Each structure stands twice: as structure tokens, then as C-alpha cells.
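Enquirer: Residues per chain, in single letters:
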Amino acid sequence: MAALLGRADEARGYYQTALEVCREMPFRPEEALTHLQLAELLLDPSTGPALSGAEGSGQGKNQDRAEALEHLETAIAEFREMKMQPSLERAEAGPVRAPTYPAGLSQREVEVLRLISAGKTDREIAEELFISFRTVGNHVRNILNKTNTANRTEAATFAAHQGLT
Amino acid sequence: MAPEALSLAEDLGDSTRASRACGLAVTLIYRTGGTEALRTSEAAQWVERADRYAKPGTVERAVADAFLALLRFYNDRSEEGVAHAGKALELARRLDDPEAFWQAAHAWLFLAKAPQHGEEVLRLADELAIRPRTGVSAPRLTSTMCEIGSTFLAWGQRGRAEEVWREMDEVAQRTGNPTALLFSMLANAIFASLDGRLEDAVAMGQSMSNRGGELGISGSAERFSSFASVRPLLYLGKGDDALLQVSVFHRALCLAHLGRQEEVMPLLEELLLARPDIGSDEDETRTERDISMLEAAVLVGHREVAGLLLRRFADTGLRLTGYIHNT
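Chains as they are written, first to last, in the numbering used here: chain A, 1 to 165; chain B, 166 to 492.
To be clear, the hints were calculated from the coordinates, so they are not data collected in a lab.
If you're wondering where the values come from, they're calculated on a predicted model, not measured in any experiment.
Treat each hint with caution, since some may be false.
Stated by the list, open to error - Negatives, chain B to chain A, calculated, CB over 12 angstroms: (1) G178; (2) Q210; (3) E213; (4) G321; (5) A326; (6) E335; (7) G384; (8) E435; (9) R484; (10) N491.
What the hints assert, rightly or not - Partial pick of chain A residues on the chain B-facing surface, computed with a CB cut under 10 angstroms: (11) E24; (12) E30; (13) E31; (14) L33; (15) L43; (16) P45; (17) I76; (18) E78; (19) K83; (20) Q85; (21) E89; (22) A93; (23) Y101; (24) A156; (25) H161; (26) G163.
Heads up, the beta-carbon is just placed ideally off N, CA and C, and yes, glycines get one too.
One chain only, chain B, in its complex shape (with noise of 0.2 angstroms):
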């Protein structure tokens, strides 16, 4: 459908339309396959045109901002992605569309989420968490839900998370929206995870998973799955079902968890010790990426890259990682 809107929009020279049509076609390839959808060239081209199309000042701007924020963050551009989104967001404020601002809200609050811009963001969810939903579609709505919850309990505010993703759930029962369930279906293996029903929050995992592809959303069902069950399989002692679902940042960690240390040792000096920035305003290497790796470096008793990670964290208020692999 994507194409055809774009080539009619081009006939009739309105970029406008051209520019949603191509953010159209981001928003389902990014629904459908989750992140790693972002790194295809599919991705690539719809988010360059939707950003060509799209006039200063204007929410298409904005949108495309977002898009581009994503875009490049997760194609190893971290910082440039995480400036898109401030400008997106900045941008976003001065317009009167509230699906825009919230699309800009959730790019920030789901790219910034190195240390330094905790309280930027906690400010932010704060804001959101009150402000009127008139206006946004569920899937936005509940995209950037869970993300201000996410925020909450990464501050210790479990009450005010739990208070949010209840909204969230009522928003996905009500909509039968497939991202906005899967959304709900992994803040409540999160909070069985928390309480300690550890096999719930597994089995939830792999409901998660299930119904992905029930739905058409394979790709998100699967990364919110390894969310959900990567903390309890290693509480659980199942660290090998934990390794298959985790990216290259989070290996150490279940390594660690499974007693190979002569494996994790070298991937945490590959990983870190050649990374010039440690802990400087331009690391935009994510909270739980390196909490991951600093609990992989204290169990096996790796003092230099420990000590490194920790400096990172020295002062801020960060309590837990939120959603992802949660600690």
C-alpha cells in the first residue's frame, strides 16, 4: 500500500502525503520486525525519503526525525540517533498534533537511555504520564506507556510503573491492538519476575513469543520474549536456554551466570576496553547493556573492566534497568 500512496503522492507533487505514506511503510516494517528490521536496507530507503519529503518546521518533520532517530541508532550511530530524537521531540512541542509529540516522546524516551539523560527522561515520563491521550492511536499510546513505566521502576517507582502499564493493559484489552498486548503481555512478566514467580515470568516469555506469530509480529514478540525471560531462566539456573536469546551485549552476563569465564573475560575486553568514551556525555551505550556487562565482570572478578563500568553509574539514581533483561 506504501508504494502506491507514494507514487499517487508524487504524481500530485504533495509532500506531505509523500512523506506519511513513507513513514507509513517504516511503521509497519519496524511493527513487523521489531529492531532488527531497522538495519535493512528496506528500512533505510523508506526512512531517507520520508525524511526527503518532509518540510521544516512541519510534523512530518518531526515524524521523520523520529524515524531517523531510529534508524540510526541502530545502525551503530547511537549518538546521531539520539540527537534525532531530541530534535524531533524539540520540534514536536511547538506543533499541535498529538500522535507527532508522542511518537517524538516514545523515540527519546526509548533511544536516551545512557545515564546521563536519567533525570531528562524520568522528567519527561513524569509529564507524559498526566498528560491528555486525546488523539493518539493506542499503538503510539501504549508503545510509549510502556516506556514511561519502563522509566518508573528504572527510578525504583514501582507503584507509579505498575499504575501506568495498568492503563496500558486497559488501552490493549479494549483496542485488541497486537502491539499494544504484547506491550502488556511483558509488563506482566516483568512484575512476576520482580515478585519472584519466576517459571510465570518464563512461561510468559514464551506466550509472548507464541503469540507474536499468532498476530504477524514475530520479530517484536521475540525481542519483548528474551525481555520478559532472559533475568528468570538465569535465576533459574538456565543459563543456556538464557544465551540463545541474547544479543552480543548481554553473552558475558550468561556466560558469567554458567561459570565460563574463560569465555566472558575476553568478550568483556573486546567489548569494553577498546570502547574510547567510557562513561563520557557522548556514551550513548545503553543502561542495560553495560549493567549487564558490569554484573558479568564482578561475578568472574574482572577488577579493570568492573571498575570501569562503575564510574559510569557512580552517580546517578538508577535503580533498575526497566524492561529489558530487568536487575
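Here chain A stands alone, though its shape is the one from the complex (with noise of 0.2 angstroms):
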């Protein structure tokens, strides 16, 4: 859920957690899927600089490519020996999938209406996100668009709907 929500770190420390219980318990084939989902998580590139810091710094960029790499072969390994042949195709087609969004909202729309949702306005969204005054006017107006809103409220009420906030 917080993959989908887009809360990369939160997601990251809940597939953590999932390995061990797996691991302990254990439970082969729930473990092999979270390794993948683990690395769809580290290797999507909307969330990868999230992962790496604000920064986005290179070292942290390829520990995590690493670390991903490493999770989707065990996983692909698991799955071929379990022949677990639905989640085999989806880790050798390449673990990058955009999460899918209400409405059609990209990633950045989604991230814009949450703050807009919290209140804040498109010059503190401009500061919190590290991007133009007028870019921000560009999402708010794509965000309203696609969400059939007529403004920044009824924007914050479709995110608090569809539990985007």
C-alpha cells in the first residue's frame, strides 16, 4: 500500500520486515515475491531518487541498483524452481512498472496534490518539491483537469477519497 501511495522509504522498511517474517516463518514463495516487489521498488525510477536521499547522490543510486539486482535474481531463481510462472514472466520482463494513479495522475501530480491536500501553497509546494513557481501552476491545472475538480478544494477532497493523502 505505501509502494502505491508512493511512499517509497515507507514501503522499502515494510518489504524489509516482510523478508525477515518470511524468512523466519518460512515462507517460500510469499518470500521470493517480496524480494521482486523490493526490487520494482528500488529500481522504479520515480521512486529510486527518493530512496537515494534528497540528493539523489550516485553512490546511493547504484547501492540501491545493486541491491536490486541482487533481490530480483533470488527472486527469478525462486520462482523457476517453484514454478511460480506468472511472477517469473513479470521479474524477467524488467521490474519497472510505474504505480498506476487515479484519474491518470503521474507520480509528480500525485505528489503535488498531496500538498495541495495539506494545505500549502504553490510557492511553499514549489520549495518543497525543488521546482518552478509556474511548474507547480502547470500541475495544479493538469491535476484539476484530470480530476474533473473546479478547484484546490474539491482537488483535496478527490485525494482524501481515493487515499492519496
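Hints are included, so try docking the two chains, each in its own frame, into the full complex.
Expert: In C-alpha cells form, the structure reads like this:
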């Protein structure tokens, strides 16, 4: 769920806990699936930078990528042995899957929408996301169009209704 | 046999024997037809008779409450069902009758599957795991052991589940009791699935179904076979086969695994958004049902439904769903 909402750090923590629980049990199919989900999270371009730290340092990104590939290899080997065909195909096809959001919102638009819901102004959103004031304006316009809402208050209600806040 | 026994007891004015005769009839109906049989008018009639003849504070009263618990629960009155199970257990604790106690304990473990009962159920499972087994029949013992093991599994205590289910298998093999043998097969299938021997688990589910037919308990056998097979079938990518074996509450999960998103969304909304009391103390919806729908909601990206369900399990220490479509 945290991954679905784009909360990458939180999702990573949950996946790591899930791995521990599955290993302890053991629960082999779920452990393999968790390896895949963790790999997908680490390799996702929309969440990767968040996981590598605010600066998105090259070293952090490389470490995440190496970790992701390790998880992916483990998952593929396990899926093959257990004959978990759909998961094997998903893992072999490439793990980068952009999360889907309601009304066709992009990851960035969801981030802006969350800040709108928190009552932030365009100026504050721009500062928080390190983007220009004008870009925020474009995002807000797209959000209102896509969600078919008339203003920021309605958009915030939409966000709450869709569990995006 | 039960109608004759009841008639004889009625002629003698013996309410204890009359209630017991009714209990015997319910047990046979349940063991042969499984929980589906509890929705029939025949089952309702026998349970109501058992209830009518049972005197307050007696073993028959505790047993009748345990039956009422099952009957209400499987006729869409789950809150009343769990309340009857609690009442049966409370009374059975005060009586010196091991069979009645284990029956009431089984009803509680079997029905109180909502997350708010999790810790209480674990405490009872802890207690039963070390309680003497003297005076308890093999079917009662094994059906309760199945629930004890499932509870331990739900809390991530696989070692303890294995221990209890090993004992259950010994009783099953020693007595050759048909229901006990099915429980034992179910336990083996669950471990096969946990260990990633998925095709073995599916094959075990199929043998349970076949064996149940031979033993004359096909209703229960089909149900157990589904508990054991659905999850490994989904892992193996055989969602169509899984879909044939599930109730409406697990349909969304199978459809989500099959990628039939357009069917999952309305189904989840129909089952969940109209449910008024999700996550309240009165919500007796079984954990495995909501976990199944939570998984479906996450798979199709239905944030509203996923959020509603996730809140229900936020503060529980539950790790798995036990033996039913285990995950």
C-alpha cells in the first residue's frame, strides 16, 4: 500500500520486515515475491531518487541498484524452482513498473496533490519539491483537469476519497 | 437414528437425552455436508430443538450454544454466532466435561476470526495446546487441533503449529477417523505450500477431495481441498482453476491475479464500500476474507478499499491467515 501511494521509504521498510517474517517462518513463495517487489521499488525511476536521499547521490543510486539486482536474481531463481510462472514472467520482463494512480495522475501530480491537500500554496509546493513556481501551476492545472475538479478544495476532497493523502 | 433417539427421549420426558439426540443429528449434518449444510432448514430445525431441550447451566446448554454459534454465523448473523460461541465457552469452563469444553473451544477458535479477537484466541490456543486430552473424542480433538495449529500459524509460530498438527496426524492415523484424516491432509498441504512445493500442495488438495468422497464426507472435503489449493494455484498462475473453488469473498482475489481488473473494482466496491462497520469491534468478518480483498485491492490499485481494510489490521500482530487460503 505504501508503494502504491508512492511512499518509497516506508514501503522499503515494510518489504524488509516482510522478508524477515517470511524467512523466519519460512514462507518461501511470499519471500520470493517480496524480493521481486523490493527490486521493483528500488529500480523504479519515480521512487529511486527518493530512496537514494534528497540529493540523489550517485553512490546511493548505485548501491540501491546493486541491491535491487540481487533481490531480482534471488526472486527469479526461486520463481523458476517453484514454477511460479506469472511472477517469473513479471520478473524477467523487467521490474520497472510505474505505479498506477487514479484519473491517470502521474507520480509527480500525486505529490503535488498531496501538498495541496496539506494546505500548501504553490510557492510552498515549489520550494518543497525543488521545482519552479510555474511548473507547480502547470501541475495544478493538469490535476484539476484530470480529476474533473473545479478548485483546490475539490481536488483535496478527491485525494482524500482516493486514499492519496 | 437421531429421530428415533429423540422420539424415545421425548416419550420418556428426558430432556437431556433429547438435546443430545438433536446434537448428534447436527454433528452428522455438519461433518457430512460441511458449513454449507448449516444453511439448510434441516440443520436449523435440529439446532433449534437442541436449544429448546437444553437446560440452563448444563453440558447440553453449552453444546447447544456451540451449535447455535455455528448456525447463526453461517446464516449471516456472525455477531450473534460469535456471542453464542463465547457463551458456550464460558459455561463449558465451569463444567467438568472435556468433550463439551473442547467443542465450545473449537467453536470459539473457528468463529472468532476477526482481528479484534486475535490475542484472546491465541491465549486459548496456548491453553489448549497443553491441556490434557483425556475424555475427548478423536473428531473433536482433531478439529480443535486444526484450529490451534492454524492460530499459531496466523501468529507466525510455525514450529508450534507443526507440533500440534503432528499430534493431530498421530490421532488421525491411530483412529482412522475420516474427518481427522482430512484435517491431517490439510495440514500437510499447507506446509507444502509454505515450503514452495506448490504442485504437491495442489495434488494434495485434489486427493483430499477424492478421499472425502470415498469417506462419505464430500462437503467438508471439498471445502478443505479449496483451503489447501487456491493459494498454490494462484502462485502457479492457474487462477481460472482457483476461481472455480472460491466463495464470493475470495473471487476478487482470483480475478485480480487473472488481471481482470474491470471485474474486480465493482466486486470490491459492492462487498466493501456498502459495509457500514468495517474495523469496528462489532465487525466479525473473518480475517482471511478481508485479507483476500485487501490483496485484490492492492493488486488492482484500488486505494480507497485498500485503505479501509488496511486500517482494520494496522494494530494486529497477525502474520498469516492460518489454514484458509493461507497468505
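Enquirer: Once the shortest beta carbon distance from K83(A) to chain B is found, is it less than 10 angstroms?
Expert: holds (6 angstroms)
Enquirer: Is the hint on L33(A) kept, meaning its closest Cβ partner in chain B is under 10 angstroms away?
Expert: holds (8 angstroms)
Enquirer: Taking C-beta pairs only, is E435(B) more than 12 angstroms away from all of chain A?
Expert: holds (18 angstroms)
Enquirer: Does L43(A) pass the interface check with chain B, least Cβ-Cβ distance below 10 angstroms?
Expert: violated (19 angstroms)
Enquirer: For E213(B), is the shortest CB-to-CB distance to chain A above 12 angstroms, so the non-interface label stands?
Expert: holds (43 angstroms)
Enquirer: Could you check that no beta carbon of chain A comes within 12 angstroms of the beta carbon of G384(B)?
Expert: G384(B) is indeed farther than 12 angstroms from all Cβ atoms of chain A, at 29 angstroms.
Enquirer: Just checking, Q210(B) versus chain A, shortest CB gap more than 12 angstroms?
Expert: Fine: 43 angstroms to the nearest Cβ keeps Q210(B) off the interface.
Enquirer: Looking at G178(B) again, its CB stays over 12 angstroms from all of chain A?
Expert: For G178(B), whose nearest Cβ neighbour in chain A is about 56 angstroms away, the distance exceeds 12 angstroms, so it holds.
Enquirer: Hint check: is the beta carbon of E24(A) less than 10 angstroms from a beta carbon of chain B?
Expert: holds (7 angstroms)
Enquirer: Does the nearest C-beta of chain B fall within a distance shorter than 10 angstroms of the C-beta of A156(A)?
Expert: At about 15 angstroms, which exceeds the 10 angstroms cut-off, the nearest Cβ of chain B leaves the hint on A156(A) violated.
Enquirer: Can the hint on Q85(A) be confirmed by a CB-to-CB distance to chain B that is less than 10 angstroms?
Expert: holds (4 angstroms)
Enquirer: Does the closest beta carbon of chain B sit nearer than 10 angstroms to the beta carbon of I76(A)?
Expert: violated (14 angstroms)
This entry does not satisfy hints 4, 5, 9, 10, 15, 16, 17, 22 and 24, going by the numbered hints stated previously.
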